[in-house]
Every structure is written in C-alpha cells, then in structure tokens.
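Heads up, the sequence shown stops at 136 in our numbering, and the numbers go up one at a time, no gaps.
The hints are simulated quantities; they were obtained by calculation from the structure and are not laboratory data. All C-beta atoms, glycine included, are put in the ideal place defined by N, C-alpha and C. Any given hint might turn out to be false.
To be verified - Label-pair distances were calculated between CB atoms; the ranges are:
{"no.": "1", "residue 1": "GLY102", "residue 2": "ARG28", "range": "17 to 23 Å"}
{"no.": "2", "residue 1": "THR115", "residue 2": "GLY61", "range": "33 to 39 Å"}
{"no.": "3", "residue 1": "ARG28", "residue 2": "ARG112", "range": "27 to 33 Å"}
{"no.": "4", "residue 1": "ALA127", "residue 2": "HIS98", "range": "15 to 21 Å"}
{"no.": "5", "residue 1": "ALA43", "residue 2": "SER72", "range": "16 to 22 Å"}
{"no.": "6", "residue 1": "ARG39", "residue 2": "LEU116", "range": "26 to 32 Å"}
Said to hold, decoys possible - No farther apart than 25 Å at their CA atoms in a straight line, the calculated lysine to any residue pairs in the SDA-like style are these:
{"no.": "7", "residue 1": "LYS130", "residue 2": "LYS73"}
{"no.": "8", "residue 1": "LYS74", "residue 2": "HIS98"}
{"no.": "9", "residue 1": "LYS86", "residue 2": "LEU41"}
{"no.": "10", "residue 1": "LYS130", "residue 2": "ARG110"}
{"no.": "11", "residue 1": "LYS74", "residue 2": "ARG34"}
{"no.": "12", "residue 1": "LYS73", "residue 2": "ALA51"}
{"no.": "13", "residue 1": "LYS86", "residue 2": "GLN29"}
{"no.": "14", "residue 1": "LYS86", "residue 2": "VAL108"}
{"no.": "15", "residue 1": "LYS74", "residue 2": "GLN29"}
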Amino acid sequence: MPWRVWGALRVNNQVKWGTEPSRNPVDACLPRQVRLRRAGDFRNLFARPAISVDACFAVRARRNGDQPARLGLAVSKKCARRAVDRNRIKRVVRESFRCRRHRLHGIDLVVVCRQRAVTLPNSRLFPSLTAHWKRLCATS
C-alpha cells in the first residue's frame, strides 16, 4: 500500500518525483549550516546569479566554492496569502533540497515562490524543483 511522507509518494520503498529515501536518520533534518541566514549571503547571491524560472518558482544560484549547498527561501504574503500555504510550499522546497543537496555541492540557492505554486499539489511541485536543480547544476 502506498504511503506519503512530506508530499513524496513511496511505493515498495521507491520514491516518485525524483526524490530518494534517506539512508541515515540524521540526513532527515536540514542543518543550520545548509541554510542561508544572513542578509549578506542573500545580497551576494542576488548580485550575479544563474537563474531558472518556471510557472511555480524562480530559483537563483551562485557558486560558493567548496562548501556544502545552502538554501534560502522567499515565500511572500503576496504570493501565498495564507500561512498554511506558505508553510506547505516551504516544506516541499526544503524536502526536495534535502533529497538533492549532495548533488548540489558548492552552490547557494534562493527559491522564490510564484503565485501558481499555491494552487498546484505537491505532486506537481516536486518535478518542477527537480528540473530547477538539474538546470542549475549544469549552468553554475
């Protein structure tokens, strides 16, 4: 019987939408060192980023040397009026990033939500994010 965890559909221990199961329970969290937290980090990233845009998200990326991939989120009230919608989108983005962060080594990312993401189910958001990760790995 299929079961859902963080919006990913798992059937027979295989995960759909480009995510993969965590081998280590410690990997299930998103540690502080893989989050963009300071205004200066965001400012540097917005200076000259590689950009990937679709109907759901605008993702900006920039190389950070040989450090682990870091994620920043921008989900505004203008994009998603209700807090539940903003939190759902942030959960989906964090989960997608968590499953792919080892392949994104050396890249800082900021994901900006667009209004279309609010109306789509998680099953449509995961492939969108996976496509962004692949595009930005190739270009940055």
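Decide if the proposed pair is consistent with the structure: LYS86 and LEU41, CA atoms, cutoff 25 Å inclusive.
-> holds, 19 Å
Are LYS73 and ALA51 close enough, with their CA atoms no more than 25 Å apart?
-> Roughly 17 Å separates the two Cα atoms, so the pair holds.
Taking only the CA atoms, is the gap from LYS74 to ARG34 under or equal to 25 Å?
-> Holds - the C-alpha atoms of ARG34 and LYS74 are around 22 Å apart, at most 25 Å.
Is LYS86 within 25 Å of VAL108, Cα to Cα?
-> Between LYS86 and VAL108 the Cα gap is close to 10 Å, so the pair holds against 25 Å.
Hey, LYS130 versus LYS73, does the alpha-carbon distance stay inside 25 Å?
-> Distance of about 28 Å is beyond 25 Å: violated.
Quick one: are ARG39 and LEU116 within 26 to 32 Å, going by C-beta?
-> holds, 30 Å
25 Å limit on alpha-carbon distance, applied to hinted pair LYS74 and HIS98 | violated, 32 Å
CB-CB spacing for ARG112 and ARG28 relative to the 27 to 33 Å hint = Cβ of ARG28 to Cβ of ARG112: about 31 Å, so the range 27 to 33 Å holds.
Compare the distance between the alpha carbons of LYS130 and ARG110 with 25 Å, and conclude whether the hinted pair is satisfied.
-> Holds: LYS130 and ARG110 sit about 19 Å apart, inside 25 Å.
Is the distance from the Cβ of THR115 to the Cβ of GLY61 consistent with 33 to 39 Å?
-> holds, 38 Å
Look at the Cβ atoms of ALA43 and SER72 and judge whether their distance stays inside 16 to 22 Å.
-> holds, 21 Å
With a cut-off of 25 Å on the C-alpha distance, tell me whether LYS86 and GLN29 pass.
-> It holds: about 17 Å lies between the C-alpha atoms, which stays within 25 Å.
Comparing the model with each numbered hint stated earlier shows that hints 7, 8 and 15 do not hold.
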